Amino acid sequence: MKGFSLLSKYSNTIHNWRLNYSTASRSSHYDIIISGGGMVGFAMACRLGRSDCLANKRILLLESSNKKQLKLDSYNHRVSALNPGSKSLLESLGAWQHIEKTRFGSVKKMQVWDACSDAAVTFGKADLSEDIAWIVENDLVQDSLMKELDKIEQVEVQYKTKVTNYRLPQNADELVQVTLEDGSCLTTDLIIGADGFNSGLRQTIKTQYISYDYNQMAVVATLRISEGDENVTAWQRFLPTGPIALLPLNNEFSSLVWSTDKITAKSLLDLPPDVFTDRINQALWNNDDRNPMVQNVSERIFQMLKVCRVNSLEGNASDIRQLPPSVVEIKGRQAAFPLGLGHAVDYISNKAALIGDAAHRVHPLAGQGVNLGFGDVIALNDTVCEAVNNGADHGSSLYLKQYQSNRQLHNLPVMASVHGLHLLYGTTWTPLVMLRSIGLNVFDSLSSVKSFITQRASV
Amino acid sequence: MLERLTTIVPHLSRNVSLKSTVNVSEVQKFSGMASEWWDVNGPLKAIHSLNKLRTPFFEQGIRSRQKSTVANARQAFPLAGFKVLDVGCGAGILTESLGRLGAEVTGIDPSEENIEVAYRHAKRINLRNVAYEANTIEHFQTCNSTLFDAVIASEVVEHVDNPELFIEKCSESLKPGGSLFITTQNRTAASWALVICGAEYIMNVVPRGTHDWNKFITLDEMTSILDKNNCQLRQLRGYTYNPFLNHWDWIKSTDINYALHATKTV
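Those sequence lines, one after another, are chains A and B.
Residue 465, in the numbering used here, is where the first sequence stops; the numbers in between run on with no holes.
Residue 1117, in the numbering used here, is where the second sequence stops; the numbers in between run on with no holes.
If you're looking for bench data, these hints aren't it; they were derived computationally from the structure.
None of the values given here were measured: they were computed from a predicted structure.
A couple of the hints might just be wrong.
Each computed DSSO-like pair below joins lysine-lysine, with the alpha-carbon atoms no more than 30 Å apart [stated by the list, open to error]:
id, chain 1, residue 1, chain 2, residue 2
1, B, K1103, A, K407
2, B, K1103, B, K1066
3, A, K407, B, K974
4, A, K93, A, K77
5, B, K896, A, K212
6, A, K63, B, K918
7, A, K168, A, K77
8, A, K63, A, K407
9, A, K131, A, K107
10, A, K131, A, K456
11, B, K896, A, K63
12, A, K63, B, K934
13, A, K77, A, K272
14, A, K63, B, K974
15, A, K407, A, K212
16, A, K407, B, K896
17, A, K131, A, K93
18, A, K74, A, K93
19, A, K337, A, K268
20, A, K337, A, K272
21, B, K896, B, K1066
22, A, K157, A, K74
23, B, K896, B, K974
24, A, K77, A, K268
Could you build the full structure based on these sequences and the hints that come with them?
Following this line, the structure appears as structure tokens:
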């Protein structure tokens, strides 16, 4: 039996400097590093910086491009449809007030219809009394978050700083090492990847990444629309080549998001403004893709359902079928970005977590992309705070695993639905067109189901 | 051999016949796990996930009874200003979590191997407010005049010989009005089924032989010991383990495991 020495004391009286494996000095160690400064990266930095339990943590955000100056002379092409959950997040971060003072579009109604049959679904109240989404330029969201981040002392932002390498720890006692382009090395207890769909951190994690190239591009532009009622409706028409959407910016302008195959997209990009405007109007109005048989059946069912819907309690917006506005002209030039589906099987690794497009990438047809990212921000912040409140290491895999399961449970059904819709509406095969048209008409009449779906898409 | 010696040597304390709380084979069992303590997904993963439940319980309990001596203890360090003793700290899993919350923690454990692992780990993560000592509570209490705001014996009392002496010495280390926290298993049919059979033999989530059901202490026995030491029971809760999710939950029943918070009467 081994005797124990009664007076052996192992006392820890370590003073100010940190011991870590890279023997880097204190100034190069951060408690949390966020890689990537888009809307989601900045929101993450703000949210962590504002959490009371993290008041003593040093947080760093690394962004590879220069600090952007917000240009407001014309509308920026890249916009996002923010759901109520995202708006609440931005309000809680103090960023929404900047957006409100500047500009945004309100969506009080959404009409989605099928070019092959005119079957349609509408969301929103008939009296247009409630906002269901907000259309905000991405640059404005980012700028608003940056303004708030400037006020948070313990969060540092380094622009024009590119990460060339991540080294994740092999065991829980080691730190993450981040190497920058200039050769310097930073260490951290938790690295958060908000670096987009080509995420370098995700590649380091070596997770299985399920990706699918839609072979489509989304053509975006700012359009002046015909005068009419208040522009508070979001329109989306599913063409066989992809959906075309008009998102309201204000009474005069709407933002175009036209997802189509790469060849068509590239030809659209080359068109002069007046021809481009004509093509948009054709896409919204013409009936070339209409399948007469399906149209016939679908119309009858629509009438039948209208009769059955006599007792609907709330003024259902679908009782009134509106026609979309026509486009008068384009303001500025059109642009395009590629579309794809992406899903990281692991959102996390040792002391590492992915958020936003780094973890998941979706088709813009349901306007969910950045909303999923903001949801990740809330969930990861909650996870980190829970770890800290329990006295745990905030990079602990015990907690990061929770973040992963929570978010995947939420994100995967949304991604599957969006992908499913893309597949369903990408065909002109009559049986499927028939099925989806009848289905859409029926779905449109079930207000409780619609409310459920709307509510699920709101967080 | 040590056990024989202690039965021969006359005791000095009140009602107990043994001078030591240390069970040598128990200490050896835990010393043997030295390299596995800090593997969050290893054989001791249940102890790591237990922190999610017990650390907030201890933290809230300590703050409910006493105000911190540190003015405006920030939310980031809710236990700043409190002196806490973690008895049977093992490799410091609980000790570190309390240290991170700002408490000045001393962790003691009879196993030198475990104390060494604890010390090295705390040094690696630069936790400056924890101190470790390879010692038993009875010797520590005799040699130390420091009194603590809180003494915690979590998942320990079921491994000691002479729990009455153990708890007595724990309470003697407390400041008047200080908090004593004990988390342990109840000696019931339910705990035999779940903690021994279920956890150790069927699910293999706890290494076999970790617990000896005969050493579990019933609630009645525990309350009687607390009474003898002038400790008033403040809070009592039951908890249980979900092996599928590696998750602990508070439950109403104290038949399996129970966590208590008692305070030393002034």
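Here's how the hints hold up against the structure:
1. B/K1103 - A/K407: holds, 28 Å
2. B/K1103 - B/K1066: Since the Cα atoms of B/K1103 and B/K1066 sit roughly 23 Å apart, the hinted pair holds (cutoff 30 Å).
3. A/K407 - B/K974: holds, 26 Å
4. A/K93 - A/K77: holds, 22 Å
5. B/K896 - A/K212: Status holds; Cα separation ~25 Å.
6. A/K63 - B/K918: Satisfied, since the Cα-Cα distance of roughly 24 Å is no more than 30 Å.
7. A/K168 - A/K77: holds, 24 Å
8. A/K63 - A/K407: Holds, at roughly 22 Å.
9. A/K131 - A/K107: holds, 26 Å
10. A/K131 - A/K456: Holds, at about 11 Å.
11. B/K896 - A/K63: Given pair B/K896, A/K63 holds - Cα atoms ~27 Å apart, limit 30 Å.
12. A/K63 - B/K934: holds, 23 Å
13. A/K77 - A/K272: With Cα atoms ~26 Å apart, A/K77 and A/K272 stay inside 30 Å; holds.
14. A/K63 - B/K974: Holds - the C-alpha atoms of B/K974 and A/K63 are around 19 Å apart, at most 30 Å.
15. A/K407 - A/K212: holds, 17 Å
16. A/K407 - B/K896: holds, 14 Å
17. A/K131 - A/K93: holds, 19 Å
18. A/K74 - A/K93: Satisfied, since the Cα-Cα distance of roughly 22 Å is no more than 30 Å.
19. A/K337 - A/K268: holds, 23 Å
20. A/K337 - A/K272: holds, 19 Å
21. B/K896 - B/K1066: Since the Cα atoms of B/K896 and B/K1066 sit roughly 23 Å apart, the hinted pair holds (cutoff 30 Å).
22. A/K157 - A/K74: Since the Cα atoms of A/K157 and A/K74 sit roughly 17 Å apart, the hinted pair holds (cutoff 30 Å).
23. B/K896 - B/K974: holds, 22 Å
24. A/K77 - A/K268: Roughly 29 Å separates the two Cα atoms, so the pair holds.
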